[in-house]
Amino acid sequence: MAAASLRATPLNSVHRALGAKLVDFGGWEMPVQYSGIVDEHQAVRTGVGLFDVSHMGEIEIRGSEAQTLADFVTTNHVAKLQIGQAQYAGLLYSHGGFADDILIHKLASDHYFLCVNATNQQKDFEHIRALNRFDARVDLTSDHYAQLAIQGPQARATLQKLTPVELSRIRYYWFIDTTLDGSPARIAHTGYTGEDGYEIYVAPEVAERIWNRVLDAGEEFSIKPCGLGARNTLRLEARMALYGHEIDASISPWEAGLDWIVKLDKGDFAGREALVEQKHKGVRRQLVGFEMRGRGIARDGYEVWLDGAPAGWVTSGSPSPTLNKSIGLCYLPAGAAGIGRTIQILVRSQLVDAVTVETPFYRRAR
Amino acid sequence: MSIYPKNFRYTREHEWVRVDGNTVTIGITDHAQQELGDIVFVDLPKTGTRVEQGGTLGSVESVKAVSDVYAPVSGEVIEINQALATAPEKLNADPHGEAWLVKMRLSATKELERLLSAADYQAYIGAEK
Numbered sequence: 001m002a003a004a005s006l007r008a009t010p011l012n013s014v015h016r017a018l019g020a021k022l023v024d025f026g027g028w029e030m031p032v033q034y035s036g037i038v039d040e041h042q043a044v045r046t047g048v049g050l051f052d053v054s055h056m057g058e059i060e061i062r063g064s065e066a067q068t069l070a071d072f073v074t075t076n077h078v079a080k081l082q083i084g085q086a087q088y089a090g091l092l093y094s095h096g097g098f099a100d101d102i103l104i105h106k107l108a109s110d111h112y113f114l115c116v117n118a119t120n121q122q123k124d125f126e127h128i129r130a131l132n133r134f135d136a137r138v139d140l141t142s143d144h145y146a147q148l149a150i151q152g153p154q155a156r157a158t159l160q161k162l163t164p165v166e167l168s169r170i171r172y173y174w175f176i177d178t179t180l181d182g183s184p185a186r187i188a189h190t191g192y193t194g195e196d197g198y199e200i201y202v203a204p205e206v207a208e209r210i211w212n213r214v215l216d217a218g219e220e221f222s223i224k225p226c227g228l229g230a231r232n233t234l235r236l237e238a239r240m241a242l243y244g245h246e247i248d249a250s251i252s253p254w255e256a257g258l259d260w261i262v263k264l265d266k267g268d269f270a271g272r273e274a275l276v277e278q279k280h281k282g283v284r285r286q287l288v289g290f291e292m293r294g295r296g297i298a299r300d301g302y303e304v305w306l307d308g309a310p311a312g313w314v315t316s317g318s319p320s321p322t323l324n325k326s327i328g329l330c331y332l333p334a335g336a337a338g339i340g341r342t343i344q345i346l347v348r349s350q351l352v353d354a355v356t357v358e359t360p361f362y363r364r365a366r
Numbered sequence: 001m002s003i004y005p006k007n008f009r010y011t012r013e014h015e016w017v018r019v020d021g022n023t024v025t026i027g028i029t030d031h032a033q034q035e036l037g038d039i040v041f042v043d044l045p046k047t048g049t050r051v052e053q054g055g056t057l058g059s060v061e062s063v064k065a066v067s068d069v070y071a072p073v074s075g076e077v078i079e080i081n082q083a084l085a086t087a088p089e090k091l092n093a094d095p096h097g098e099a100w101l102v103k104m105r106l107s108a109t110k111e112l113e114r115l116l117s118a119a120d121y122q123a124y125i126g127a128e129k
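If you read the protein sequences in the order shown, they are chains A and B. Letter 84 of the first sequence, counting from 1, is numbered 84 in this note's numbering, and no numbers are missing. Letter 31 of the second sequence, counting from 1, is numbered 31 in this note's numbering, and no numbers are missing.
Since the hints were derived computationally from the structure, they do not count as laboratory data. The reader is advised that the hints may include incorrect statements.
What the hints assert, rightly or not - Below are the EDC-like pairs computed for lysine to aspartate or glutamate, each with C-alpha atoms no more than 16 Å apart in a straight line:
{"no.": "1", "chain 1": "A", "residue 1": "LYS279", "chain 2": "A", "residue 2": "ASP259"}
{"no.": "2", "chain 1": "A", "residue 1": "LYS161", "chain 2": "A", "residue 2": "ASP216"}
{"no.": "3", "chain 1": "A", "residue 1": "LYS21", "chain 2": "B", "residue 2": "GLU35"}
{"no.": "4", "chain 1": "A", "residue 1": "LYS325", "chain 2": "A", "residue 2": "GLU358"}
{"no.": "5", "chain 1": "A", "residue 1": "LYS123", "chain 2": "A", "residue 2": "ASP216"}
{"no.": "6", "chain 1": "A", "residue 1": "LYS325", "chain 2": "B", "residue 2": "GLU89"}
As the list claims (entries may be wrong) - Which chain B residues face chain A? A few, computed with CB under 10 Å, are given here:
{"no.": "7", "residue": "ASP43"}
{"no.": "8", "residue": "VAL66"}
{"no.": "9", "residue": "HIS96"}
Don't be surprised by glycine CBs; every beta carbon is placed ideally from N, CA and C.
Please work from the sequences and hints to get the whole structure.
Rendered as structure tokens:
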């Protein structure tokens, strides 16, 4: 039984009724699986899956200098966003390590909406406020939103039944404020699965009704409620970073292979100086994907060996339900992080061969 | 009605034991496979391996997690279930039957007394929840 101190999303009783296995995920009681991780994973790859991700945090920046603050605290280029557009970015400390990775949405020229990691939200809020020397206001508004993710090739057909907006007109990484089943909703064409899909933000009071309507709408596509277990295997196959694993305060965007979210030429921002210096000097380690060759599964935190000595660590490792292989991501010394290299993973006191491979492990057909 | 056979003995680490003379068959319980979810990998000892009661016998891995299997009794491993190497998912389908893990030659019958009956095991997992 969960401790009383665990936080619950507005859908907690729905998960219980569906027979979900609930776990403590960074202080939230969250469903890790319903029918099974592999079953849910396949539903998203071939049909459609529905996730409760209401534990994610929301932070809003408003004011005449909202964009200036947003650009100062993130690595990507907020000034380039149009109203209705979203962007993936890093939130860095001055030393260049990640405070978080976030999605930033431009609602208006003076209003930005940030989706941040659940366990980081309070820290992010304080971090942004501490850097705010502009005419801007920062609010932590997580309690105003429930967030659902509808992901998979049939996500659009499912969601289209519930909204008057023509979803095919929302391009990837754009969003729209509209209605879902008659209730106000923000529908973003974003996701964390490597599949097409949407992330929607609604009021907590309507979350249960919307959840059930989405399940009804997806019935013809055999929609499945999906837990954090499948969310993890899906994002790993797509090589999407998970805070606390691929990225954290000790890791820079260069090391994590997230160069594309860093815009050094946009002007000053938190962490820029450290990133410039690191780029000049070169990074010490780099994130690289691998596949197991020998029998065994690499798990998060396992040692990676090169030429008979420990050289790095596994950030995420799992059997891949789509590829039927055991895969993972690991940090290796920068000079050794090439593709096609034989490495060894220390799996429960035994060294097992693996080989570094190109990522993402899975890329959807378009 | 119970899915836990009355003629098995159980451990608090969720293994079961079926005694047949001085040979025991060992597996993991239905509760264990449910908790693990989709099982994708089973690591078992070589035949001839001697294990003490409570020692590590092998491991079972699901998509999500890895779990040690402990020896419910001391003895020598005399047979392992080869089928699980290529079909670990059988552990989800039939943990008390087809998907047994190992057979051991029992070295101390007395150790069986420390194990739980089906009723006690069910009470135990009921309380654990």
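For each hint, the structure was consulted:
1. Annotation: proposed proximity of LYS279/A to ASP259/A holds, straight-line Cα distance about 10 Å (limit 16 Å).
2. For the hint linking LYS161/A to ASP216/A, the alpha-carbon distance of about 10 Å falls within 16 Å, and the restraint holds.
3. As the CA atoms of LYS21/A and GLU35/B are separated by approximately 8 Å, the hinted pair is consistent with the 16 Å bound.
4. Our distance criterion of 16 Å between C-alpha atoms is met by LYS325/A and GLU358/A, whose separation comes to about 14 Å.
5. With a C-alpha separation of about 38 Å, the suggested pair LYS123/A and ASP216/A falls outside the 16 Å cut-off, and the hint is violated.
6. Our distance criterion of 16 Å between C-alpha atoms is met by LYS325/A and GLU89/B, whose separation comes to about 15 Å.
7. With its C-beta approaching chain A no nearer than about 8 Å, ASP43/B sits inside the 10 Å limit, and its interface hint holds.
8. Because the closest C-beta pair between VAL66/B and chain A is about 6 Å apart, less than 10 Å, the hint holds.
9. Checking HIS96/B against chain A by beta carbon gives a least distance of about 19 Å; that is not within 10 Å, so the hint is violated.
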